[in-house]
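Student: Kindly generate the complete structure, drawing on both the sequences and the hints.
The numbers in the sequence shown follow this note's numbering, run straight up by one, and end at 238.
Everything labelled a hint here was simulated from the structure, so no lab data went into it. One or more hints might be untrue.
Straight-line Cα separation of at most 25 Å, DSS-like style, residue types lysine-lysine; simulated pairs [claimed, not checked]:
no. : residue 1 : residue 2
1   : K234      : K220
2   : K68       : K234
3   : K107      : K152
4   : K68       : K34
5   : K107      : K163
6   : K167      : K207
7   : K90       : K106
8   : K163      : K152
9   : K29       : K41
10  : K34       : K91
11  : K91       : K106
12  : K163      : K90
13  : K147      : K106
14  : K167      : K147
15  : K68       : K41
16  : K234      : K41
17  : K29       : K147
18  : K152      : K106
19  : K40       : K123
20  : K163      : K147
21  : K29       : K68
22  : K40       : K29
23  : K123      : K147
24  : K167      : K152
25  : K217      : K207
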Amino acid sequence: MAVWAIGDIQGCYTSFKALLEKIAFNPKKDRLWIAGDLVNRGEDSLETLEYLYGIKENIEVVLGNHDISLIAAYYGIKKSNPTIDPILTSPNAKKLIDWLRRQKFLHVDYKMGYCMAHAGISPEFDLGMALSYAKRIEEKLQSEDAEFWLKQMFKHGSVRFDREANAIDIDRYILSAFTRMRYCYGDYRLDFDQKGAPTEVLREKGLKPWFACDNRIDIELKIIFG
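Tutor: What follows is the structure, encoded as structure tokens:
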């Protein structure tokens, strides 16, 4: 059995299938780890979701920011766009969205020595904290109050982890860290504006990739992220 990790398919179904063919993926015996952002930028988001749903017993999925935006669009919290319209108008929309809502934000395999999150793991979290906080927002997304909860998540972001903050702000930080995090300052504040490669200008501003953040708590597993 082979285990393959693939990130950011983003609805590029043809390229995704070509990659699976290149690695000779066999869904009957191999496993896929999908590191989030299944949909949105490519033209075949519906086909991508339907394929992954069809092999759901052989894959591990963590959610990315584009997947959360799709769920929010399904609830009418965010506007749709041409790349996800086919999903929202599909007869299988509810089935696919419900399946997405049941996916993780953090997957851990102790035997293999790996864990996976779309954006990464907050530099302030050890593995136990990361698992606990991932479970916390997974339960919110899977609950009957998911629509209300998502509305609160999209009101504004949260760049700092504060145990004394209200529950909604803590959830906002957790969701942002697992799905949107790229750079952070030395005091662990997250920055969501920078999206390119590290530069001297960013370093002079005190910004580093989250995994290079000073005093980052070490995770004893190797981290796969998108």
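Student: To test your reading of the hints: which numbers does this structure violate?
Tutor: Structure breaks hints 10 and 17.
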